[in-house]
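> Sequence:
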Amino acid sequence: MTYFNLGFFVSLITAFIASGSFAVIFQTNKRHLLKVCIAGLLSYFVFYTVKFFIGPLFLAAFISTFAVSLYGEISARTSHAPALIFIVAGLIPTVPGGDSYYSMKYLIMGDSQNALKYLGNTGATAIGIALGIVCCSVIFGIINDRLRQKKLKAKKTGH
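The numbers in numbering that gives the first Met the number 0 rise by one with no breaks, and the one at position 47 of the sequence shown is 46.
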């Protein structure tokens, strides 16, 4: 199996469109639409790349979410918009919908072995997404606090 193939290219385009569609459904301002679509493309690109070269689902979800959160925070500052616009819609390609579906399907069918396998995948991805967002938010919170403190010091000293 090669890294770059037609399926990967189609998935990137689908991630781009899916994130944009999600943003349109939730009435995101049209001027942010391209950046939201890029966030979705970035999300899938990083997720697929980490999963292909490194392997673990948790790590792929964590790193791709961290990358999208970082992109969302930067886009928010350059676009003067909330970061959540870019982060939530950008994470749509990473959400483990298929694994959730299969875990429920196998649970209903009574196949507990496959149900637990897919439930584990769902949990690993969900935890990776949550930790990726939290880590990036904490880092940006610290940076913002330091910048605010610098501005206050400069204001007090008259510079």
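Source of the hints: derived by calculation from the structure; they are not laboratory data.
Model, not experiment: these values are computed from the prediction.
Please note that the accuracy of each hint is not assured.
What the hints assert, rightly or not - Calculated pairs, DSSO-like style, for lysine-lysine (alpha carbon to alpha carbon, straight line, at most 30 angstroms):
no.	residue 1	residue 2
1	116	104
2	152	116
3	50	116
> Against this structure, judge whether each hint is valid.
Each hint, compared with the structure:
Taking the CA atoms of residue 116 and residue 104, the gap is near 12 angstroms; set against the 30 angstroms cutoff, the hint holds. Distance restraint check for residue 152 and residue 116: the Cα-Cα separation of roughly 54 angstroms exceeds the 30 angstroms cut-off, and the hinted pair is therefore not satisfied. A C-alpha spacing of about 17 angstroms is found between residue 50 and residue 116, which places the hinted pair at or below 30 angstroms, so the restraint holds.
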